[in-house]
Each structure stands twice: as structure tokens, then as C-alpha cells.
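Asker: For reference, the chains in residue letters:
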Amino acid sequence: MASPGGEGSRRNGPNESLRSFTERKKHEHSNPEGISALYEELFGDEDNERPCYLPDSGEEDNRVAEQDGTISREEKGGGDWKVERELRKEEGTSAEEAGPKMSNELGAGDLREDSGRGHEGEILQLRDQELSTRNGGSAESSSTEQSVVLDGELSSDRGLDGPVSPTSSQGGTSGYMAGSGSSSASTSSISGTEAANDQESEGTGNRKEERGAWVPGKRHLQEDDTHPSWRRHKKHFFILSNAGKPIYSRYGDEHKLAGFSATLQAIMSFVENSGDTVRLVRAGDHQIVFLVRGPVYLVCISSTDEPFQLLRDQLELLHGQLLLILTRAVEKCFLKNSKFDMRPLLGGTDVVFSSLIHAFSWDPATFLKAYACLPLPYGARQAACGALQDMTDTGVLFSVLMCGNKVISLVGSRKASLHPHDLLLLSNFISSSESFRTSESFSPVCLPRYDSTAFMHAYVQYLTKDTCLILLTTDPNDFFHLKECRAQIEIVLRESDVLREVENSIERGGLRIEDMPESEGSPSESGSTRGDRASDDATSTSAPEAVPGTGGPAGLWHFIYRSTYLDQFISSEFSPPLNTRSAQKRLYRAYQKLHASMHNTEGGGPHKMQYRRDEFHVLLSWRTSDFELYAAFDPLAEKSSAIFVCNRICQWIRDMEAEVFLLGAAPFNW
Amino acid sequence: MGCAASSPASRQGRLGVHQDAGETYDSKNLRTKLVLLGDSGVGKSCIVLRFVRGQFDPSSKVTVGASFLSQTIALQDSTTVKFEIWDTAGQERYASLAPLYYRGAAAAVVVYDITSPDSFQKAQFWVKELQKHGSPGIIMALVGNKADLHESREVASEDAQAYAETNGMFFIETSAKTADNVNQLFEEIAKRLPRGQPTQKP
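For the protein sequence lines, the chains are E and S, in the order given. Anchor point for the first sequence: position 35 equals 35 in full-length UniProt numbering, and the numbering is continuous, going up by one each time. Anchor point for the second sequence: position 180 equals 180 in full-length UniProt numbering, and the numbering is continuous, going up by one each time.
One should not assume that every hint holds.
[To be verified] Going by beta-carbon spacing under 8 Å, a handful of chain E positions derived as facing chain S:
hint : residue
1    : 258
2    : 259
3    : 326
4    : 329
5    : 340
6    : 341
7    : 345
8    : 433
9    : 438
10   : 439
11   : 442
12   : 444
13   : 452
14   : 476
15   : 479
[As the list claims (entries may be wrong)] If you anchor each label on the Cβ, the simulated ranges turn out as follows:
hint : chain 1 : residue 1 : chain 2 : residue 2 : range
16   : E       : 577       : S       : 152       : 47 to 57 Å
17   : E       : 503       : S       : 58        : 23 to 33 Å
18   : S       : 137       : E       : 415       : 20 to 30 Å
19   : S       : 125       : E       : 333       : 37 to 47 Å
20   : S       : 56        : E       : 253       : 25 to 35 Å
21   : E       : 253       : S       : 117       : 50 to 60 Å
22   : E       : 294       : S       : 117       : 55 to 65 Å
23   : E       : 577       : S       : 183       : 52 to 62 Å
24   : S       : 137       : E       : 503       : 46 to 56 Å
25   : E       : 654       : S       : 92        : 19 to 29 Å
It should be emphasised that the hints constitute simulated quantities derived from the structure, not laboratory data. All residues carry an ideal CB built from backbone N, CA and C; glycine is no exception.
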């Protein structure tokens with residue numbers, strides 16, 4: 001959140017960032033002209049779009065910004081912000097009045113509540129330490145903000161959207177348009193990314209994402225950074241070498257994007273030359289997130305309004321996928337030859353990356369740091385675990401039986417444990433590479449969290465159309481042993497009917513909120529989900545039951561339950577009214593934000609509980625030492641009933657624990 | 001199931017030819033390890049799938065690591081040969097792993113694409129590598145695939161034939177798409193396999 005006023009001073013950043021701040025300040029002073037000149041050229045040259053170079057320390061931000069000489073409307077921005085904040089305070093208070101009693105029932109100590117409409121429901125984000133600066137020259141340009149956040153502490157990403165200024169509540173599209181229009185005329189390729197933020201994609205983008213089923217593989221291959229359509233994509237990912245050579249781009253042909261890669265590299269190395277690292281640049285609605293991993297640069301340019309930390313985690317995963325394919329040993333090539341071209345080494349892996357990037361928008365595993373299990377009868381899962389366990393005792397490091405991206409069983413040898421991210425990356429690698437389906441395969445893979453420097457060897461065989469057995473070993477000559485293990489495992493799985501149970505489970509599908517059993521207290525007034533009931537009633541005895549087509553009880557639409565000890569999660573199937581892809585994606589993004597704010601250690605977090613209402617949903621999240629629950633309700637759902645239903649969900653999951661989770665799995669190490 | 005049936009055996013197998021329990025191999029029933037090498041996209045997997053399953057899938061599926069398939073053929077002299085085929089990935093990143101697959105192989109099929117001179121260059125690289133590091137006496141075949149695309153041919157069969165002869169290989173052009181010469185390729189290899197002793201004693 002932009003916090004030009006007093007808000008920033010509350011923050012106590014970690015020592016490290018404060019220490020490094022003084023250094024940075026020095027660098028800024030050494031060459032402020034150059035820096036602002038560079039950013040001006042890259043991100044726009046108009047008065048109302050002048051960027052500034054910011055440190056991350058809250059107390060200092062005003063002063064430093066002024067020293068930079070690039071700040072203009074600090075005061076005005078602060079004024080807007082205060083007004084906005086008061087507004088939301090009011091909303092927050094009224095929400096609190098609605099249901100202060102509930103916190104007791106849940107037993108969660110720290111109930112934070114938010115209420116509001118649309119984007120303005122995010123009071124928590126007020127405490128974010130993002131030091132963005134507003135440079136608006138006039139009322140309409142107050143929405144065109146840019147900021148640069150350097151290494152050190154961060155920030156959440158909510159700084160620039162709706163709430164910042166009432167005049168820009170629709171994401172600042174119009175104001176930004178004006179800016180980019182004029183700047184793109186005079187600057188070259190980078191301003192193109194900003195132009196991506198045009199009305200067609202942004203103004204209506206959220207509501208027009210109905211597309212067919214996702215097709216794996218790279219699309220828009222013919223595009224490059226001169227194509228308007230390329231600029232309009234909402235989320236770009238780039239991997240490049242520190243010499244500026246393109247390695248991967250989500251859209252477009254890497255070779256044609258060499259110039260663009262070089263530009264990204266120029267930005268990053270410019271900051272690096274002053275002993276610092278650029279982490280985030282905000283340009284209007286766009287966030288440009290940078291991650292440096294050895295000789296590899298990863299960049300995400302996103303207008304999806306996801307939290308910064310989340311985008312950074314996604315870049316980390318992307319880097320992990322790169323390591324899974326090549327190991328860290330590839331970095332040596334850059335030591336020998338800084339102009340080393342990594343692209344040929346990644347031949348044929350576009351689909352692996354694009355499928356991972358797709359998962360960023362659909363698979364909660366990417367932000368929950370947990371994996372999902374296929375629901376199975378307890379006995380069937382035990383049989384599968386037994387079969388895998390026997391083989392693990394003969395020298396297999398990990399045995400994983402998966403169905404799609406869901407785990408049926410996972411067994412590690414005694415000392416080894418598998419990180420959820422390694423599992424995610426491995427599963428993505430295998431499911432996106434079609435050749436594994438054709439025949440049994442033996443492929444080198446690297447598990448970056450387990451050992452990023454060495455290859456393991458994966459024996460992969462699909463036992464049925466969906467069910468895949470993965471056996472990992474460190475011995476490259478072990479193929480025939482693993483082949484034998486597979487044969488024996490397969491015999492056990494067929495004899496004990498596990499494979500049939502798996503088929504049944506696929507047919508049944510996941511948990512449906514409509515199937516949630518009724519609570520013990522019988523519902524007194526089923527059917528009416530909201531409004532006309534005293535909250536006391538709802539808390540004590542009943543929750544309203546489901547009305548067909550409106551979700552589950554009390555307007556429950558969806559939930560995700562993550563078990564802390566198991567590092568596993570389960571989410572309900574999308575039921576009506578969440579039957580459009582845009583509604584599902586919107587909910588997914590809302591979960592991402594909720595998760596980020598629950599875990600944000602700044603801004604007063606991490607939190608134990610949040611209740612938020614916006615125009616699309618009521619979101620309730622609850623974190624205890626055992627689990628995290630994220631639930632979405634009808635926007636008109638009553639808070640007391642919602643909380644009651646959350647308790648029921650937890651009870652329901654606990655009752656089914658042995659079926660929906662893999663119990664007794666080796667704990668992950670962190 | 002991806003591969004031909006293979007029964008469980010005791011743990012003695014390595015990436016070389018491994019012993020199946022319950023199957024015996026002698027001079028009439030040969031078993032041989034065969035490896036396919038070549039640039040990516042020349043059609044190695046397509047040749048193998050045509051040979052093993054009689055299928056052709058035009059959608060290109062990039063092989064990851066190496067695939068293992070096996071197929072048994074009967075020759076006219078009533079010998080049977082079971083091929084255990086390592087279909088390696090053509091990508092550059094797997095090149096350093098190739099020895100894992102060609103070590104101990106009795107036969108190697110080096111494939112190029114007749115429409116791609118680059119892939120022919122790459123084939124020559126693999127031939128040299130096999131001559132240096134392959135098993136002594138390894139049977140090598142040079143295969144020009146995609147013979148159905150003769151209209152866009154860029155590698156003359158005479159050149160390939162000449163190269164094969166100077167390197168003691170046999171040369172054949174195949175089309176996995178039309179199945180031309182695919183079975184002939186493997187039969188020819190089978191005929192050239194040394195007889196008289198089992199490939200491995202139990």
C-alpha cells in the first residue's frame with residue numbers, strides 16, 4: 001500500500017534492510033540523475049508519469065524521495081489516502097458491529113474483520129509497507145503511479161489499486177492510458193509493456209476470461225514485443241541470462257525477444273552496478289517483479305494485481321522448474337562463458353514451463369505449499385502405501401503414485417523427505433511431458449529442494465490412463481531394478497483393487513459442498529440464508545441449509561482446507577454458481593490474496609482469522625496450529641452463519657481425514 | 001501398458017541386457033540391447049513405435065530422458081530376437097547421458113531426417129562417438145527417416161550411403177509414417193547379430 005503519510009513510520013523493518021538502506025541511499029545520491037533518466041526513458045517521460053527510485057525504509061521515504069527530486073505530489077497523495085482510509089474505517093466499524101460475538105465461538109483470538117465493496121474491502125493492506133509514491137499532476141493522473149522497490153523488505157502489492165484514490169477505483173485504467181499513450185510514442189520497446197494496459201484487456205479483462213479448456217504448449221509464438229497483442233497479455237514471464245540472452249518467454253518467440261531481454265537485463269544490471277538489486281517496479285497497473293538466481297534472471301510482468309510476494313514465489317517456482325530440468329550445474333557454463341546460450345539445453349520444455357505458469361492461476365498447491373490427495377477409502381490407500389513401502393526398502397529413494405496432480409500415495413526412504421514444491425514441480429514436469437504416457441521412461445530429474453546440484457533418475461510409467469507411478473533413485477544404472485519394482489507394485493495394486501478404487505474416485509469427483517452433512521443441531525429455518533435471522537440463533541443451533549443452485553449451507557460456495565502437519569490440502573469442487581471460469585479464477589485470486597495477507601508478517605500479521613466481504617464473495621479464513629481454512633460464501637451471506645458453517649466444514653474434514661489425506665506420510669522437511 | 005510384457009526378475013539387471021526369469025536365451029532365441037540416437041525431431045520415437053506397436057502418431061511428443069520398449073521378431077531361420085530398445089531423447093541436454101544408454105548395446109541405430117542436413121551432421125557426431133566409446137563390434141545402422149518427404153529432401157541418399165560404407169555401417173531410408181523399411185531395418189540388424197552364444201548367461 002502506498003503509505004506516504006505517517007503509516008510507514010510504524011513499520012520496523014528487519015535490521016538487514018535498515019542497514020542496507022544507508023548504502024542504497026549513498027548510491028542514489030551518487031547518481032540520481034542517471035537513475036531517474038533511465039526510468040524515465042523506459043517507463044514514460046511525461047510529467048504525470050515520472051517514476052521515482054525508492055528505498056524500502058518506511059521512516060525515510062518522504063525525505064529520500066524528495067532528495068531524488070522526482071517526487072511531486074506527495075502531499076496530495078497523502079490527502080487522498082487519508083480520506084480513503086477514513087472511508088474504510090467506517091465500513092470496518094459497521095462490519096464489526098454485525099458480528100463481534102462470533103470470535104468467541106471460534107475460539108480464535110485475533111479476529112480481524114474487513115468489510116466493504118469491491119476492491120475497497122482490504123483494510124488489512126493499510127499496513128503494508130510498500131513505499132510507492134504518487135506523482136499525479138492532476139486529479140486524473142493520480143492513478144498513474146510508479147514505484148521501484150529495491151532489495152530488502154517488501155511490501156504487499158495492494159498499493160495501487162482501487163482504494164488509493166476514489167477517482168481511480170477502476171484500477172486507474174483511464175489515467176494510465178493517457179500516460180502510456182503519450183510515452184509509447186517516444187520510447188521504445190519497454191513502454192510497450194505498459195501499453196499492454198489498455199482498456200480492452202484491463203477494463204473488461206476480469207469479466208471476459210471465458211475461454212475453452214487450457215491447451216498445453218506455447219501460444220502466440222509468432223508474437224514479439226512489437227505486437228500490440230503481445231503487450232496485452234496480462235501476465236508475462238521471462239527467464240534470461242545475466243548477459244541478457246533470452247532463455248524462456250511465456251509468450252512469443254525468444255529469439256525475437258532478444259532486444260526486450262537485453263532491456264530487462266539493462267535495468268537489472270544498472271541497479272546491480274550500484275550494489276543493489278531491483279525487486280519490483282510498479283508502472284500503473286503493472287508490477288514488474290525481478291528475481292536473481294545466480295546467473296539467471298527471472299522477470300514477471302503482471303497486471304493481474306496479485307500480491308508481490310506471490311509473484312516472487314511464482315518466479316522461485318519457475319526457477320525450480322528450470323533446475324529440475326538442468327540442475328544447478330548449468331550455472332558453471334556461465335562461469336566459463338558469460339554469453340552462454342541456455343536455450344538449446346531447454347529444447348522441448350516450453351510446455352513444462354507453460355503448464356507450470358498455467359498452474360499458478362489454477363492450482364492452490366502453488367501458493368499453499370502443500371499437495372492434494374485423491375480421496376480414497378482408507379484401506380485402499382493403505383494398500384497402495386504398503387506396496388510402495390516394500391519397494392522403498394529395496395533402495396528406491398522416493399515412490400510416488402499420482403493421479404493427475406493428486407497424490408494417491410507417497411513413500412520416501414527413511415532419511416529422505418520430499419518438499420511440496422519438489423513434488424509440484426516433478427508432477428508438473430511429468431504430466432506436461434506427453435512422452436511419459438507413451439511408454440515406460442527413465443529420465444534424469446533434479447529435485448531442487450532436495451539437492452539442486454545433482455540429477456536423480458526417475459522411472460515413470462502410467463499404470464492406467466491417469467495413474468502414474470514415479471520411482472526415484474540416485475543410481476543411474478538402476479532402471480531394471482525399478483522396472484521390476486514397478487511390476488511388483490502393479491501386481492499388488494491390481495490384486496488389492498486399488499486401481500479400481502482410483503477409477504471410482506475419479507468418477508465420483510472431489511468433495512462437493514452440497515454433500516456436506518447436516519450438523520447435529522437441526523436447522524430451524526432451512527431455506528432462508530440471510531438477513532432475517534437474529535445472529536444469536538445462528539450461532540447457537542443452526543445454519544441455514546443449502547438452496548439448490550446457490551451453493552451449500554449459509555451460501556457456502558467453496559472452501560480450501562490445508563492441514564498444517566501433513567502439508568496437504570483439500571479443496572471442494574466448483575459448484576454452481578461458480579460455474580464460469582471467470583468466477584472460478586476470480587475466487588482463486590481472492591484466495592491468493594487472502595492467503596498472502598494471512599501470512600504477511602508485516603502489517604500486523606500473521607493473522608488468525610479474517611472476514612472479508614466484497615462485491616463477489618464473502619471470504620472467511622481461519623488459521624490455527626492444526627489447519628488453515630479458506631471459505632467463500634455468497635456475498636450476502638451472514639457472518640454468523642458463515643462462521644458456523646466453517647466449524648462444520650472443519651468437523652466434516654476431520655471426520656473424513658483418513659480418506660482425503662495421506663496420513664502417516666513422512667513429514668516434509670523445511 | 002507401455003512396454004511389452006516383462007516378468008519380474010531378480011535384481012541383477014543393469015541398463016544392459018537383463019535377465020528375465022522364466023525366459024531362456026540361446027543361439028536360437030537372441031536378446032539384444034539396441035539404442036537409437038540422433039538429433040531431436042528426426043523421428044526416433046516414431047520409428048520405434050511403428051516397429052513395436054505398428055502405430056504412427058503425427059503429433060510430435062518430445063521424448064524426455066529415454067523410453068524403454070521391447071519387441072520380439074522371428075527370423076526365417078526360426079531364430080527369435082528380442083529387442084530391448086532404448087529410445088533416447090535427442091535434446092542437447094541429454095547428450096551427456098547417452099553413454100548410459102549405449103553402453104553395452106549390441107546395436108545402435110543412428111537416425112537423421114532426410115530433409116535436414118543439420119540432423120545428418122548430428123548423426124555423424126553420434127557415429128564418431130559410438131566408434132570411440134561404444135561396445136566393440138557394435139552393429140551400427142544409419143537411418144534416413146521421413147523418406148515420404150522426398151520432395152523436400154536435402155540429404156542425398158548417395159552421400160549417406162557413401163558415409164555409411166566408409167564407417168562400416170549399413171544404410172537404409174525409412175518412413176515411420178508409411179511404415180516403409182521400418183521392419184526391414186530391424187530384421188537386417190537381427191540378421192547381423194552374432195550367433196552361437198547366448199547374449200548373457202543366467
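Asker: Next step is simple, just say for each hint if it's right about the structure.
Answerer: How the hints compare with the structure:
no.: 1; hint: 258; result: violated, 20 Å
no.: 2; hint: 259; result: violated, 25 Å
no.: 3; hint: 326; result: holds, 6 Å
no.: 4; hint: 329; result: violated, 10 Å
no.: 5; hint: 340; result: violated, 12 Å
no.: 6; hint: 341; result: violated, 11 Å
no.: 7; hint: 345; result: holds, 5 Å
no.: 8; hint: 433; result: holds, 5 Å
no.: 9; hint: 438; result: holds, 6 Å
no.: 10; hint: 439; result: holds, 4 Å
no.: 11; hint: 442; result: holds, 6 Å
no.: 12; hint: 444; result: holds, 6 Å
no.: 13; hint: 452; result: violated, 16 Å
no.: 14; hint: 476; result: holds, 5 Å
no.: 15; hint: 479; result: holds, 5 Å
no.: 16; hint: E:577 x S:152: 47 to 57 Å; result: holds, 54 Å
no.: 17; hint: E:503 x S:58: 23 to 33 Å; result: holds, 30 Å
no.: 18; hint: S:137 x E:415: 20 to 30 Å; result: violated, 43 Å
no.: 19; hint: S:125 x E:333: 37 to 47 Å; result: violated, 19 Å
no.: 20; hint: S:56 x E:253: 25 to 35 Å; result: holds, 29 Å
no.: 21; hint: E:253 x S:117: 50 to 60 Å; result: violated, 23 Å
no.: 22; hint: E:294 x S:117: 55 to 65 Å; result: violated, 36 Å
no.: 23; hint: E:577 x S:183: 52 to 62 Å; result: holds, 58 Å
no.: 24; hint: S:137 x E:503: 46 to 56 Å; result: holds, 49 Å
no.: 25; hint: E:654 x S:92: 19 to 29 Å; result: violated, 51 Å
Of the numbered hints stated above, those contradicted by the structure are hints 1, 2, 4, 5, 6, 13, 18, 19, 21, 22 and 25, listed in ascending order.
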